[in-house]
Amino acid sequence: MSISIRDVEHVANLARLELTEEEKAKYTEQLGAILAYAQKLNELDTEDVPQTSHVLPISNVMRDDVPRPSTPIEKVMLNAPDEEDGQFRVPAVLE
Amino acid sequence: MSVLDLRLRELQDRLAGGELTVTDLVEASLARIRETEPVVQAFITIDEEGARARASELDRQLREGGERGLLFGLPAGIKDNIVTEGLLTTCASRFLSNYIPIYNATVMDKLREAQSVTIGKLNMDEFAMGGSNENSAFKVTRNPWDPERVPGGSSGGSAAAVASRQVYFALGSDTGGSIRQPAAYCGVVGLKPTYGRVSRYGLVAFASSLDQIGPITKNVEDAVYVLQAIAGHDPMDSTSADVEVPDYTAALTGDVKGLRIGVAKEYLGAGIDPKVKETVLATLKVFESLGATWEEVSLPHTEYAVAAYYLLASSEASSNLARFDGVRYGVRAENPANLIDLYRKSRSQGFGAEVKRRIMLGTFALSTGYYDAYYLKAQKVRTLIRRDFDQAFEKFDVIIGPTTPTTAFRIGEKIDDPLTMYLNDICTIPVNLAGLPAISVPCGLADGLPVGLQIIGRAFDEITVLRAAYAYEQATEHHKLRPAAVGGAQA
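So the protein sequences, as listed, match chains A and B.
Those letters in the first sequence? Residues 1 to 95, by this note's numbering.
Those letters in the second sequence? Residues 1001 to 1491, by this note's numbering.
Since the hints were made in silico from the structure, they are not lab data.
The structure displayed is predicted, hence computed values, not measured ones.
Glycine included, C-beta positions come from ideal geometry on N, C-alpha and C.
Some hints could be false.
[Claimed, not checked] Quick list of in silico lysine to aspartate or glutamate cross-link-like pairs, EDC-like style, CA-CA up to 16 angstroms: (1) 1345(B) with 7(A); (2) 1380(B) with 9(A); (3) 1414(B) with 1148(B); (4) 1139(B) with 1005(B); (5) 24(A) with 7(A); (6) 1277(B) with 1266(B); (7) 1257(B) with 1288(B); (8) 40(A) with 1303(B); (9) 1395(B) with 1295(B); (10) 26(A) with 1295(B); (11) 1275(B) with 1447(B); (12) 1285(B) with 1295(B); (13) 1380(B) with 45(A); (14) 1380(B) with 7(A); (15) 26(A) with 1266(B); (16) 1265(B) with 1244(B); (17) 1480(B) with 1148(B); (18) 1345(B) with 1334(B); (19) 1380(B) with 47(A); (20) 26(A) with 1148(B); (21) 1345(B) with 18(A); (22) 1277(B) with 1447(B); (23) 1139(B) with 1037(B); (24) 24(A) with 45(A); (25) 1265(B) with 1303(B); (26) 24(A) with 1037(B); (27) 75(A) with 1288(B); (28) 1265(B) with 1295(B); (29) 1380(B) with 1447(B); (30) 1257(B) with 1354(B); (31) 40(A) with 1288(B); (32) 75(A) with 64(A); (33) 1414(B) with 1372(B).
[Claimed, not checked] A few chain A residues facing chain B, derived, Cβ under 10 angstroms: (34) 2; (35) 71; (36) 79.
[What the hints assert, rightly or not] Derived Cβ-Cβ restraints for the label pairs, each shown as a range: (37) 1098(B) with 63(A): 31 to 37 angstroms; (38) 63(A) with 1376(B): 55 to 61 angstroms; (39) 1097(B) with 84(A): 52 to 58 angstroms; (40) 87(A) with 1413(B): 46 to 52 angstroms.
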């Protein structure tokens, strides 16, 4: 499978990455090689094979809904790049 | 010989008898770090102050006759993707170069209970993506056996720190071989427990269905004690297994009479260095002499594991790493035009090349039009790989092979060729896809570099894996070899 620079630009946008022209060229080549290698999986007939998303036979792990203290806001804010009144500050979402 | 070379039980006896203090141990560790770190460069953060304070606290408890924890006083190094409250945790990424966690990973709480002493945080490939430590944003850790070579990865700092005797033991994490491969390259013991055996709470997630924390130690006995201390169900990790933790010291018998060993044919095929193969096959004579039996076994889907793994792990990573957006923690880019631009710039400036490559691959595999062909297909192949092991374990108690196809490669040798780098994980990746426990133990040298023997077991049967590893270790001297490059004479 070969992928184009346009594919790489599309995926970078989905992943919220800003790539330089040099990175775009490099990733186009490298991802192309990795995806070509991944074609190997098509040698296998997996029509009737169930998928494994997880190895443990568990699902919907529930706990009792018991109130307990949350982490204090001051502590949560300790790593905030920018904050105001106990809230994370970001550029305006709507112009 | 340093006090850090003493066996765990002897060390504990000396501490109990007052011949030795925790402060002695911690000072020995810090002195060794000062001596070897200019070459090895295993640490991102060294917490001298915290380690000394904790040592004094434990010494006081010792004088007052308090009970000693399982790992009492042992200097420990922690991979830098395990969060430590109040202590910088970077994942070897520029993005988290200022991140000081406000909570402890469950394994850190458990180590506190077991009373080890955290010396510092160890280097790794950024977000655990890589097999050489060359993907760290901060430094390239060197292999103590040959500083021109990689220590392996992603837990390269952990393996190098133990190999050069900077710490008594270390914790690493293993998603596709990241504990076992560096342990093999550095001539130490690395154990990846069964998926779900050890809580992942506070392990910065790379691929959540594959990640598992485990010990890196000088010998199998130490691995037994560290596993004992960190294993167990944790309500904070919904994927940790509610399975009773056995007494792992039951593995320390030296007895493998009647053990049925399967030798994985595909792990010894094309691409395996002939000297590595020869060294690993030589272990069979040892097992035979101990009364075990062996036969070749086929794991026919092995050749598909690397492709399936890189699609699945990268897909999970692209989702997990979406949280690094520059809003709540980490390094935020300056002067963004708007919110989306803030995400984009922060991520682009914060992540290194390999992390971006995997986010791109994973995002692609999950994107509209490609999901079925790549992600879903890989999940189905994962089932076939699990079935290979299920079948093999009907006939065998453990499966063995090399941990890695070659010994440690040179720094810079593979950095420009990601696919070749990925193919190097062929012997370790299938184990993560199947969620099984596996250990790497030193089994000799090839051209002066350590070779790792991998022993794989059934899910939650760490005891049999450890029993086989311990019996082998007791019958051989390989684990006593030490790297000469950083001042340790070869035993």
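Right, here's what the structure says about each hint:
1. This hinted pair does not check out: residue 1345(B) and residue 7(A) have alpha carbons roughly 20 angstroms apart, beyond 16 angstroms.
2. Distance hint between residue 1380(B) and residue 9(A) is unfulfilled; the C-alpha atoms sit about 29 angstroms from each other, more than 16 angstroms.
3. The hinted pair formed by residue 1414(B) and residue 1148(B) meets the criterion: a straight-line CA distance of about 13 angstroms does not exceed 16 angstroms.
4. Of the supplied pair hints, the one linking residue 1139(B) and residue 1005(B) is violated, its CA atoms being roughly 27 angstroms apart against a limit of 16 angstroms.
5. Distance check on the hinted pair: residue 24(A) and residue 7(A) sit about 10 angstroms apart at the alpha-carbon level, within 16 angstroms; holds.
6. This hinted pair checks out: residue 1277(B) and residue 1266(B) have alpha carbons roughly 12 angstroms apart, not beyond 16 angstroms.
7. Proximity of residue 1257(B) to residue 1288(B) is assessed by CA-CA distance (about 9 angstroms); at most 16 angstroms being required, the pair is judged to hold.
8. Between the alpha carbons of residue 40(A) and residue 1303(B) the distance comes to roughly 9 angstroms, so the proposed pair stays at or under 16 angstroms and holds.
9. Only pairs whose Cα atoms come within 16 angstroms are accepted, and residue 1395(B) paired with residue 1295(B) is accepted, the gap being roughly 10 angstroms.
10. Distance hint between residue 26(A) and residue 1295(B) is unfulfilled; the C-alpha atoms sit about 45 angstroms from each other, more than 16 angstroms.
11. With a C-alpha separation of about 8 angstroms, the suggested pairing of residue 1275(B) with residue 1447(B) holds against the 16 angstroms cut-off.
12. For a cut-off of 16 angstroms, the pair hint linking residue 1285(B) to residue 1295(B) stands: about 12 angstroms separates their Cα positions.
13. Among the hinted pairs, residue 1380(B) with residue 45(A) is consistent with the structure: their alpha-carbon atoms are about 10 angstroms apart, no more than 16 angstroms.
14. Straight-line distance between C-alpha atoms of residue 1380(B) and residue 7(A) comes to about 25 angstroms, which puts the hinted pair past the 16 angstroms bound.
15. At roughly 32 angstroms between alpha-carbon atoms, residue 26(A) and residue 1266(B) are farther apart than 16 angstroms, so this suggested pair is violated.
16. Restraint check for residue 1265(B) and residue 1244(B): the C-alpha separation of about 33 angstroms exceeds 16 angstroms, so the hint is violated.
17. Proximity of residue 1480(B) to residue 1148(B) is assessed by CA-CA distance (about 23 angstroms); at most 16 angstroms being required, the pair is judged violated.
18. This hinted pair checks out: residue 1345(B) and residue 1334(B) have alpha carbons roughly 8 angstroms apart, not beyond 16 angstroms.
19. Of the pairs offered as hints, the one joining residue 1380(B) and residue 47(A) holds, with about 9 angstroms between alpha carbons and a cut-off of 16 angstroms not exceeded.
20. Straight-line distance between C-alpha atoms of residue 26(A) and residue 1148(B) comes to about 27 angstroms, which puts the hinted pair past the 16 angstroms bound.
21. For the proposed pair residue 1345(B) and residue 18(A), the alpha carbon gap of about 7 angstroms is at most 16 angstroms, so the pair holds.
22. Between residue 1277(B) and residue 1447(B), the direct Cα distance comes to roughly 13 angstroms. Compliance with the 16 angstroms bound is thereby established for this hinted pair.
23. Proximity of residue 1139(B) to residue 1037(B) is assessed by CA-CA distance (about 12 angstroms); at most 16 angstroms being required, the pair is judged to hold.
24. For a cut-off of 16 angstroms, the pair hint linking residue 24(A) to residue 45(A) is broken: about 34 angstroms separates their Cα positions.
25. Of the pairs offered as hints, the one joining residue 1265(B) and residue 1303(B) holds, with about 12 angstroms between alpha carbons and a cut-off of 16 angstroms not exceeded.
26. Distance restraint check for residue 24(A) and residue 1037(B): the Cα-Cα separation of roughly 37 angstroms exceeds the 16 angstroms cut-off, and the hinted pair is therefore not satisfied.
27. For the suggested pair residue 75(A) and residue 1288(B), the alpha carbons sit about 58 angstroms apart, so the restraint of at most 16 angstroms is broken.
28. For the given pair, residue 1265(B) sits about 10 angstroms from residue 1295(B) by alpha-carbon distance, which is consistent with the 16 angstroms threshold.
29. Annotation: proposed proximity of residue 1380(B) to residue 1447(B) is violated, straight-line Cα distance about 40 angstroms (limit 16 angstroms).
30. With a CA separation close to 46 angstroms, the supplied pair residue 1257(B) and residue 1354(B) exceeds the 16 angstroms bound.
31. With a C-alpha separation of about 38 angstroms, the suggested pair residue 40(A) and residue 1288(B) falls outside the 16 angstroms cut-off, and the hint is violated.
32. For the suggested pair residue 75(A) and residue 64(A), the alpha carbons sit about 26 angstroms apart, so the restraint of at most 16 angstroms is broken.
33. A threshold of 16 angstroms between alpha carbons decides the hint, and for residue 1414(B) with residue 1372(B) the separation of about 31 angstroms lies outside it, so the pair is violated.
34. The beta carbon of residue 2(A) is not positioned within 10 angstroms of any beta carbon in chain B (closest approach about 13 angstroms), and the interface hint is therefore violated.
35. Interface hint status for residue 71(A): upheld, as the beta-carbon distance to the closest one in chain B is roughly 7 angstroms, under 10 angstroms.
36. Taking 10 angstroms as the C-beta cut-off, the interface hint given for residue 79(A) holds, the closest approach to chain B being about 4 angstroms.
37. For residue 1098(B) and residue 63(A), the Cβ-Cβ distance of about 33 angstroms falls inside the hinted range of 31 to 37 angstroms, so the restraint holds.
38. Checked against the hint of 55 to 61 angstroms, the C-beta distance between residue 63(A) and residue 1376(B) comes to roughly 31 angstroms, which is inconsistent with it.
39. Checked against the hint of 52 to 58 angstroms, the pair residue 1097(B) and residue 84(A) fails, with Cβ atoms roughly 24 angstroms apart.
40. Taken as a hint, the range 46 to 52 angstroms holds for the pair residue 87(A) and residue 1413(B), whose Cβ atoms sit roughly 49 angstroms apart.
In terms of the numbered hints stated before, the structure departs from hints 1, 2, 4, 10, 14, 15, 16, 17, 20, 24, 26, 27, 29, 30, 31, 32, 33, 34, 38 and 39, listed from lowest to highest.
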